[in-house]
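Trainee: One line per chain: the protein sequences are E and L, in this order. Mapping of the first sequence onto my numbering: position 133 corresponds to residue 133, and the numbering continues sequentially without gaps. Mapping of the second sequence onto my numbering: position 403 corresponds to residue 923, and the numbering continues sequentially without gaps.
One thing to keep in mind: the hints can contain errors.
[Claimed, not checked] If you anchor each label on the Cβ, the simulated ranges turn out as follows: (1) Asp774(L) <-> Pro481(E): 22 to 32 Å; (2) Lys901(L) <-> Glu431(E): 50 to 60 Å; (3) Arg781(L) <-> Pro481(E): 47 to 57 Å; (4) Lys744(L) <-> Thr124(E): 27 to 37 Å; (5) Asp774(L) <-> Lys229(E): 49 to 59 Å; (6) Lys744(L) <-> Pro277(E): 55 to 65 Å; (7) Glu245(E) <-> Ser766(L): 31 to 41 Å; (8) His620(L) <-> Pro481(E): 16 to 26 Å; (9) His620(L) <-> Thr134(E): 54 to 64 Å.
No lab work stands behind these hints, which were simulated from the structure alone. A virtual CB, placed ideally from N, CA and C, is assigned to each residue, including glycine.
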Amino acid sequence: MRLDSASKRVGVCLLLGLSACEGSSFLSLSDSNRGEGETMPAHLLTASEYNATVQDLLGVTSRPADYFPAASSSEFDANVGVLASLSEVQSEAVFNAARDVVAKAFESPELTARLVTCTPASDTDAECPKSLVTTLGRRAFRRSLDAEEVDAYLATYQQARQSLELGHVDAVAHVLRVMLSSPSFFLRIERPGPSKRELESAALASRLSYLLWGSMPDDALLAIAESGKLDEDAELIAMTDRMLEDPRGQRFVSQFLGQWLGTVRLSSHNVDTSRFPQWTPEVAKGVEAQANDFLSGFVTGTTPWKEVFLAPHPANTAVQPLLTADPATFQRRGFLTLPAYLALSSHSDRTSPTARAKGVITSLFCTDMTPPPGVVTELPPEEGQSPRTVRERLEAHRRNPSCAGCHNMLDPLGLSLENFDPVGRYRTLDEGHPIDSSGVYEGIPIANVSELLPLLAEDSRLGDCAPRKLYSFAMRRSLVPEDEPHVARLAATWKAGTLRELLHHVVVSPAFRGHAEEAP
Amino acid sequence: MKTSMSRRTVLRGAGVALFLPWLEALAPRVARAAAGSMPRRLLLCAFPNGAPHDWWSTAPAFGTSVSGDAFQLPNVLTPFQPLKHKLMMVSRLGNYTWSHNGESPSPSVEPSHARCMSAVTTCIDADEVARKAKLPLDSAVRSTTSVDQLIAQTLQGQTGLNSMQTGLGVKPGFFDYRSYAYNQVLSWKSPTEPLKRNVNPRVIFDALVGSGNAQTPTELARLKAREKSVLDAVREDMNRIKKRVSSRDQQVLDQYLTTVRSLELAADEVSSTCRALPAPGAVPEPPGPQQGLSQGQDGYDHELHADVMNDLITLAFECDRTRVVTHLLDDARSEFEYRNIPAADRTRVGLAYNAGSSLHYHGSQHGEGELADTAENGRYKIIKPSNRSFAAINAWMGRKVAELALKLDAIPEGDGTVLDHTTLVFLSEMRTHDHDAFDLPILIVGGNGILKQNTHIAYDSVGNDRQLRDLWYTLMRNVFGMPVTSFGEDVRGVANAELTEILA
């Protein structure tokens, strides 16, 4: 009999001791913002958002935020939690980046022409500077400027012309630098709307564009939002679809799925190429491209999420060198047998059955595997003269009662994938020993991974987990107990359909729109 | 998700600084010396993951010390040989009495990497701070003001930069049930303000020289006027925004305002840079866990990265741009593979060359090696010697810090050198393979004549050991003349007491 996800998680917590439940999903942040009918706390653009925003705003592709002090979040880069303060190094980094990217844009006559779209007819012509301040300011701040802001930036322009003796173009660059040094640019600040109940209408455009494009809204999206029309179910859904069709929609796949499932790490994944020379730069690129194609199918294609363990792999000739040893009778399918997953979940020179299994249980099933304090979470070094197989070492681990709780769940899954080496090639021997990939999963005996995948696909946690992840990504924070009814409702309506459908449910939800919601 | 273009230029053009003469820098230092106020600097170089057993191979018995010719450096530290008369090894200090887990504090702290690193400069339990603030342990980033920042506070206004945080961690590890920020931070400006190590030499360089590229006084004046105009406008902008946002968001804005004000100060100081230095190349900050750079990736060279950072730290002290630097040699539990280590370091510790072997730092920490917590002949018993990969990585880190110390020692200051007027503490947040927080490897160079030199001091074995919080307490009071009455925490209620044995 299968337990539902909530009671299963509680089970794990009891098994591991209460400290296992001290994670964010069980602690209420009483003084924090729920994001419901309210503004999100001010937060920094993530590095990738900053880079993309600068690119979309100025046309500069220098990726300045790659050099910012990185924030460390446990899952999504945006979920660093409430920004309690801006550290000195962060502040300096954004301040200096504003100077550098504006300078870079104005080095290029082409980009300059795109930004400085008018020249004042005379020294007293205030129209041209004003239109530049209004247009550039609206894009940079992702909302129309307040009247006093227009006046202030105009004054900055005039001061640049007069006191600093700058020409028109340099003065515009000066104003842009001030704008990019403003928290209204590098932070996402949501201001309450006039009714107090909701957020400013432009804020919804940013919520949508940073969710789907990882970047600023364009003029059209901002216009619809400011008109108030975006805040309607049909328009939100249609807009979501239009934005996913746009090439920028690919950023949703790379940011949301890439961070959730770890494929963002592929480009810097270490492989010991002295042992696995097949992992050439071309193969590595192919592996990454294949994984992205596979995952895109759930967003822009029609593959429902319940197929994630069983969907066929997109063909990719660059990956072929890793597939040559596949038995004729064996058909690779699903996320777990992608070379991308098999490599990412391995060390550079050896596989890690526990990491492979933990990836499934924690990422795809959202089951907490935090070990209680004092439990060693890594395999002891190999001892003695004859190397023991990973299976033997894991069995020793499982005899320890404090390890058994987790490993009884993890090992069958991880060991069934032992037929794949650290770069995802099929193998039948490990260190010269025949591989035994059989096991018992949830009471059902399995002979190999092909028998395991259909069992995993039936697991109800699969359909419950994705809504948690997407909701957390969209709201840019870890879930709190008050979110549970919302994510449960999302899961119930979505029924593990496509991720595009899940996006529809999320964007029309009152929480995402910043609407206050009546108690459930 | 591809970050690439910029990475191809990683560090290109760096290293030129090495060949510049140091001469013109002498003037301000000589002036200081004449005024009779010799600077007192702190340079804290921390390495993560503990040391191989080699570190203690020449240690005296518990509770004793050894000095002069009888004091020998272990193989991993031989690059310090030219400075042996200026340094002291301090062994058998613990840093665990702050741990709130269990009945009495135990040196086995879990999760070890995050919690031990967060305590190395604070000597308190970050978990306990988070618990008291009702924050979830797996995402909270809280601690207390660190020792370097307490020292920096007393030097406020004396140099253009109050303190500097550098590091070499280009490949962070993964989530260990705590915020990874703990693994990347040595300096805490306040309980809520971790100053994360900066790995990018370009950013450090910009901070050191300001916008000081002006060639003439007129240019400098124009530059300053322009900077002032930007800063004024940003300040006004911020005051406008603050009126429209929640009190929660106002706090964040205040933080930015504070930094902008300090930038204003720095803009006024641009002309005080003591010598020209070509800008080094950039090293991108790793975008996320398990992402970043590997040796050789897009031309990245870890050795060169370390050299450039050493140059910048040297410049910072030489030009008196700051007197407090924390330098984190790698992030705790990093994913970096030290394939850059040259043959000389490998052979020094007897690592047989194995082409393509990964030299994964955390992996080798978990490799062979076991040190008991029970004594044998006045030392901890070695049950199984440390694997040579782990020793080679430690030997490499030791050499880079020794090279930095030698650079500082090459700059005369008063009747000594810049190194003499620096307290360089080279240490780790944990012991060795066991990830425990006792028996920390510690080496101290310089110390303004206040600290013992050419000595190895060993305290008592675990249980009767002294604590790191007393080392920081002793240094603050004696070297930096601070009237502190306590530092760090001891849940047993033991008060701070000076480590008088380390004083000259």
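Trainee: Does each hint fit the structure? Answer for all of them.
Mentor: Going through the hints against the structure:
1. Asp774(L) <-> Pro481(E): 22 to 32 Å: Hint holds: Cβ distance 31 Å, inside 22 to 32 Å.
2. Lys901(L) <-> Glu431(E): 50 to 60 Å: violated (32 Å)
3. Arg781(L) <-> Pro481(E): 47 to 57 Å: violated (40 Å)
4. Lys744(L) <-> Thr124(E): 27 to 37 Å: holds (29 Å)
5. Asp774(L) <-> Lys229(E): 49 to 59 Å: violated (37 Å)
6. Lys744(L) <-> Pro277(E): 55 to 65 Å: holds (57 Å)
7. Glu245(E) <-> Ser766(L): 31 to 41 Å: Since the Cβ atoms of Glu245(E) and Ser766(L) sit about 36 Å apart, the hinted range of 31 to 41 Å holds.
8. His620(L) <-> Pro481(E): 16 to 26 Å: The hint (16 to 26 Å, Cβ to Cβ) holds, given that His620(L) and Pro481(E) are roughly 25 Å apart.
9. His620(L) <-> Thr134(E): 54 to 64 Å: The hinted range 54 to 64 Å holds for His620(L) and Thr134(E), with Cβ atoms some 56 Å apart.
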